[in-house]
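Build the complex: two chains, separate frames, hints provided.
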Amino acid sequence: MKLTELFRQKKSVITSEVGPVKGCVRLNGGPPPEFLQEALNIKDYVDAVNITDNQSAVMRLGPLAGSVLLKQYGMDPIFQMTCRDRNRLALQSDLLSACSLGIDNVLCLTGDHIKFGDHKAAKQVFDIDSVQLLHIARGLNEGHDMSGNQLTKATNLALGAAATPSFKPLDLHLLKMEKKVKAGAEFFQTQPVYDPRHYEEFARKTEGFGVPVMFGLVVIKSPQMGRFINDNVAGIDVPESLIQEMASVPKEQYKAKATEICIRLLKDIAPMCQGIHFMPFGWSDIIPTVLAEIKPYFPK
Amino acid sequence: MIGTTKKPMTEILQALEGHDKVALVGCDGCAKVCLTGGTDEVAALSKDLEAQGKQVILEVTPERTCNVAKADPVLKPVQDKLQEADAVLVLGCGGAVQITRHLTEVYGLTIPVKTGLDSVGHMDTLVPGTLALEQCQECGQCILNETGGICPVTKCAKGLLEGPCGGAQDGKCEADLSRDCAWILIYNRMQALGELDKLKRYMGPKDYSKAARPRTLYIKEGRVT
Numbered sequence: 051m052k053l054t055e056l057f058r059q060k061k062s063v064i065t066s067e068v069g070p071v072k073g074c075v076r077l078n079g080g081p082p083p084e085f086l087q088e089a090l091n092i093k094d095y096v097d098a099v100n101i102t103d104n105q106s107a108v109m110r111l112g113p114l115a116g117s118v119l120l121k122q123y124g125m126d127p128i129f130q131m132t133c134r135d136r137n138r139l140a141l142q143s144d145l146l147s148a149c150s151l152g153i154d155n156v157l158c159l160t161g162d163h164i165k166f167g168d169h170k171a172a173k174q175v176f177d178i179d180s181v182q183l184l185h186i187a188r189g190l191n192e193g194h195d196m197s198g199n200q201l202t203k204a205t206n207l208a209l210g211a212a213a214t215p216s217f218k219p220l221d222l223h224l225l226k227m228e229k230k231v232k233a234g235a236e237f238f239q240t241q242p243v244y245d246p247r248h249y250e251e252f253a254r255k256t257e258g259f260g261v262p263v264m265f266g267l268v269v270i271k272s273p274q275m276g277r278f279i280n281d282n283v284a285g286i287d288v289p290e291s292l293i294q295e296m297a298s299v300p301k302e303q304y305k306a307k308a309t310e311i312c313i314r315l316l317k318d319i320a321p322m323c324q325g326i327h328f329m330p331f332g333w334s335d336i337i338p339t340v341l342a343e344i345k346p347y348f349p350k
Numbered sequence: 032m033i034g035t036t037k038k039p040m041t042e043i044l045q046a047l048e049g050h051d052k053v054a055l056v057g058c059d060g061c062a063k064v065c066l067t068g069g070t071d072e073v074a075a076l077s078k079d080l081e082a083q084g085k086q087v088i089l090e091v092t093p094e095r096t097c098n099v100a101k102a103d104p105v106l107k108p109v110q111d112k113l114q115e116a117d118a119v120l121v122l123g124c125g126g127a128v129q130i131t132r133h134l135t136e137v138y139g140l141t142i143p144v145k146t147g148l149d150s151v152g153h154m155d156t157l158v159p160g161t162l163a164l165e166q167c168q169e170c171g172q173c174i175l176n177e178t179g180g181i182c183p184v185t186k187c188a189k190g191l192l193e194g195p196c197g198g199a200q201d202g203k204c205e206a207d208l209s210r211d212c213a214w215i216l217i218y219n220r221m222q223a224l225g226e227l228d229k230l231k232r233y234m235g236p237k238d239y240s241k242a243a244r245p246r247t248l249y250i251k252e253g254r255v256t
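Protein sequences appear in the order of chains R and Y. Taking the numbering used here, the leading residue of the first sequence gets 51, the next gets one more, and so forth. Taking the numbering used here, the leading residue of the second sequence gets 32, the next gets one more, and so forth.
Bound-form chain Y, shown alone (with noise of 0.2 Å):
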């Protein structure tokens, strides 16, 4: 999932000074994990906005607002709300935010679409509702298979691909102690399965071509350019 946190209300209502009448539209896929833009916090939102003289005209979450296929069937019935408003503001990622924007421009309105929430990575969820950890950061290269199923480009902190710096300390990150040595993980999973001999060998320099951003995926035909 992509992992989300809510601004702070000083800096949406920054985001929405001159705009008085605001269209909600949150989003029940990864920002319902998050606690960050399901339909509880938009409803919550709602009623924050309204205490600050704001006059909320519509609420909507739909299941992947990220998702053409799940937003456009909610969005679009709702087109003359959306136009009402003086501005939307996203309770979703930012590729939640830009579907919301693409779908006004493609609605032929020309809204101000704003976002609510921080994005903060890939996540994925270890405790429900409690703990979420960022371990891929879709590079287009994936070195798992090296590596005992433990990235290093993302867990380790300075994304390294041919073994550990010197700075862990009792097994911990040099830069979060708090947070275990990625090489040493892989290090000890390797151990364990008997392959240590596979992180003998050299990995050699990433190919950055292959995360040049922006990113189309063309889905078909399984490219990437």
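The following block holds chain R by itself, in its conformation from the complex (with noise of 0.2 Å):
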């Protein structure tokens, strides 16, 4: 189903995120890959699930057959689309194939900086940007390519697109959230900020553009964890006390630690936007919990 039907019912809406394995899923009976497991544990849980595209530049299975695989299992996958590997002529087949496939929300991005990856020689492509290729998927959407060439049928996909509430400056952020919303975003997943009041002021800022936000949340699972994407994760910035809080319970407690904090700054969060998106790294397991802890605190 398309997330924008469920925006469209004034739900609050629930999205996690798995990462495809580095290999060939080929099941023949055999048990789940992991990011299938991962999905699979969810899946009464959440309305969709993102499926990433070569994250962090690290090379996988594609999110396309990804995608594909979460729908033979009875999920809504969110085909996430990055321009960093694809010029313009790929990026619209993949649109077309992924609609084509059954798949129903797209998320729009412009993709990590190849350095971050395990191919740091490669060629980036970025033949477009995550704008541009909203406008396009738009276009495709209405019945035509980018060139103006009539499709035989046209594709029928929800748009996403992220944004970044920690970005400084804010107002240069906003200004190109507001060319995505033009350029056709439906609804808008986040990166994480760990602040209520800092997402307080995003969200007062965004409310007049008439997208529904989703709280993107990482899971932060362990101090260690909080300093790498500190130090290696761009446009995520996790705070000292956080970090400092993780680290003063024994390794075992982790889990439940993260639990607590997911709980506290979403009880604080929930109320402001139209849903969430969990990026739980492997630690899907949490989200029944914390779900059942927060329903109460969603905007009625």
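Source of the hints: derived by calculation from the structure; they are not laboratory data. All figures in this text were calculated on a predicted structure; none of them were measured in a lab. Positions of the beta carbon are idealized from the N, C-alpha and C atoms, including for glycine. Hints should not be assumed to be uniformly reliable.
[To be verified] Under the rule of at most 25 Å between Cα atoms (straight-line distance), these lysine-lysine pairs were calculated in the DSS-like manner:
{"#": "1", "chain 1": "Y", "residue 1": "LYS37", "chain 2": "R", "residue 2": "LYS173"}
{"#": "2", "chain 1": "R", "residue 1": "LYS232", "chain 2": "Y", "residue 2": "LYS145"}
{"#": "3", "chain 1": "R", "residue 1": "LYS232", "chain 2": "R", "residue 2": "LYS218"}
{"#": "4", "chain 1": "Y", "residue 1": "LYS203", "chain 2": "R", "residue 2": "LYS255"}
{"#": "5", "chain 1": "R", "residue 1": "LYS93", "chain 2": "R", "residue 2": "LYS52"}
{"#": "6", "chain 1": "Y", "residue 1": "LYS203", "chain 2": "R", "residue 2": "LYS170"}
{"#": "7", "chain 1": "R", "residue 1": "LYS255", "chain 2": "Y", "residue 2": "LYS38"}
{"#": "8", "chain 1": "Y", "residue 1": "LYS241", "chain 2": "R", "residue 2": "LYS173"}
{"#": "9", "chain 1": "R", "residue 1": "LYS170", "chain 2": "Y", "residue 2": "LYS37"}
{"#": "10", "chain 1": "R", "residue 1": "LYS170", "chain 2": "Y", "residue 2": "LYS38"}
{"#": "11", "chain 1": "Y", "residue 1": "LYS203", "chain 2": "R", "residue 2": "LYS173"}
{"#": "12", "chain 1": "Y", "residue 1": "LYS231", "chain 2": "R", "residue 2": "LYS218"}
{"#": "13", "chain 1": "R", "residue 1": "LYS165", "chain 2": "Y", "residue 2": "LYS203"}
{"#": "14", "chain 1": "R", "residue 1": "LYS232", "chain 2": "R", "residue 2": "LYS271"}
{"#": "15", "chain 1": "Y", "residue 1": "LYS231", "chain 2": "R", "residue 2": "LYS232"}
{"#": "16", "chain 1": "R", "residue 1": "LYS232", "chain 2": "Y", "residue 2": "LYS112"}
{"#": "17", "chain 1": "Y", "residue 1": "LYS229", "chain 2": "Y", "residue 2": "LYS241"}
{"#": "18", "chain 1": "R", "residue 1": "LYS255", "chain 2": "Y", "residue 2": "LYS231"}
{"#": "19", "chain 1": "Y", "residue 1": "LYS229", "chain 2": "R", "residue 2": "LYS165"}
{"#": "20", "chain 1": "R", "residue 1": "LYS218", "chain 2": "Y", "residue 2": "LYS203"}
{"#": "21", "chain 1": "Y", "residue 1": "LYS237", "chain 2": "R", "residue 2": "LYS173"}
{"#": "22", "chain 1": "Y", "residue 1": "LYS145", "chain 2": "R", "residue 2": "LYS218"}
{"#": "23", "chain 1": "Y", "residue 1": "LYS52", "chain 2": "R", "residue 2": "LYS173"}
[To be verified] Now the stretches of chain Y that chain R is said to cover, found in silico as 3 or more residues with beta-carbon under 8 Å:
{"#": "24", "segment": "192-198"}
{"#": "25", "segment": "234-241"}
Here is the structure:
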């Protein structure tokens, strides 16, 4: 189902993210690969599951195959699409393929820089960027490609975009978000922030856009992970106080502490957004507990 | 200018393997500015090659080796020396190497023309003798009028046209934290100029047909194909 339908019904939408494996997937009756199992853990708790696209520029199974696999297991995928690895022909072609394979949602992203990945000598494409991809995808929904050629059948995809509430200067980022809305974005999924006051400012400044915003939450699984993100992941700032809070408990209690932090943060932020997008990095099993606690805090 | 760096001696010697008599052609244009191929660098490399057992039979340094109008008057009078050489080693950009190769062909010489440098881009000198920056990649579709005189095609690590990615940290580029985010520079400049509204405009995808290589410039007509 298109997420836009759920937003129209004024539902607080819940999504989570999984990253495909680095390898081929042929089940042949064998156990599901890790990312599929992670999605299956939360199948009954989320509305859709994002499938990342060579996340952090690390080569893996493609998000189209991953999305189809999720569909086969009865889940709604959000097909993430970056502009780093494909030119405008390949991107449009994959959007047609995605819709033809029954995918309803696509998240249009620029993509991480190639230097973060495992193929650092690769040529980055960036033929177009996220705003232009949204514009082009809207065109496909309207029945034409970006050169104006008619399609035999238009796509019917809900178009999502990313936002970074911690970006400074925020006004420059808002300017880009506005361009995304004008280009065709129908919902946003954000990068995380861990200070509700910070998110409040962002929510206030984006409510006029008229597009639902889902708060994105990366589950910090250990103090080391918090530090790793600060040192290596662009656009996410994990406060030292949160890292210290994780470090204050023994390792075997990390999951319980992470769950407690998620609940605390989401109780403050859930009333200010139209949905939650979890990035649990293998800990999707905490999502049911978190959701049970925060449900009363969603906007009515 | 075209920025250049010196190839390691091992790579130069590999290129010159089997070629004992060497003619050195430098460039007193860009390569001189980069301290890689001017008259002084040609003389220095000549000594180094001699020390490696090569016989350097010619050292010349046209003012702009990439320009036949400058290279031909220097190379034409020394055709005999070029003919005598087993190889020509050019200390200039890739253009200088190919113009030299072209001229040897014009002179009726079939002689290997090698390069001693790597070309690293269209560079603008910021601190003479010290620092040059890549600021333009000759895309054939200049948008500097729209971006406060700062080129995102070149200075943004992803060449983004519609605004910054989400990765900047403290104003720095996610791909290189020693470098300013081009889009934050553009934003600050446009704000100072009172032209922020211009940044709201949808730029649209670039027309890469204008940068399809190799391009030919017909100077009199001002036409590129």
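Results of checking the hints against the structure:
1. Y:LYS37 - R:LYS173: holds, 24 Å
2. R:LYS232 - Y:LYS145: Cα-Cα ~53 Å, so violated.
3. R:LYS232 - R:LYS218: holds, 22 Å
4. Y:LYS203 - R:LYS255: holds, 24 Å
5. R:LYS93 - R:LYS52: holds, 16 Å
6. Y:LYS203 - R:LYS170: It holds: about 20 Å lies between the C-alpha atoms, which stays within 25 Å.
7. R:LYS255 - Y:LYS38: violated, 53 Å
8. Y:LYS241 - R:LYS173: holds, 20 Å
9. R:LYS170 - Y:LYS37: holds, 23 Å
10. R:LYS170 - Y:LYS38: Holds: LYS170 of chain R and LYS38 of chain Y sit about 22 Å apart, inside 25 Å.
11. Y:LYS203 - R:LYS173: holds, 22 Å
12. Y:LYS231 - R:LYS218: holds, 17 Å
13. R:LYS165 - Y:LYS203: holds, 15 Å
14. R:LYS232 - R:LYS271: With a Cα-Cα distance of about 37 Å, the restraint between LYS232 of chain R and LYS271 of chain R is violated, given a limit of 25 Å.
15. Y:LYS231 - R:LYS232: holds, 10 Å
16. R:LYS232 - Y:LYS112: violated, 66 Å
17. Y:LYS229 - Y:LYS241: Since the Cα atoms of LYS229 of chain Y and LYS241 of chain Y sit roughly 24 Å apart, the hinted pair holds (cutoff 25 Å).
18. R:LYS255 - Y:LYS231: Within the cut-off at roughly 16 Å; holds.
19. Y:LYS229 - R:LYS165: Measuring from Cα to Cα gives roughly 31 Å; hence the hint is violated.
20. R:LYS218 - Y:LYS203: The given pair, whose Cα atoms are some 10 Å apart, holds under the 25 Å limit.
21. Y:LYS237 - R:LYS173: holds, 18 Å
22. Y:LYS145 - R:LYS218: violated, 49 Å
23. Y:LYS52 - R:LYS173: Judged against 25 Å, a Cα distance of about 39 Å means the pair is violated.
24. 192-198: holds (count 7)
25. 234-241: Since 4 is at least three, the answer is holds.
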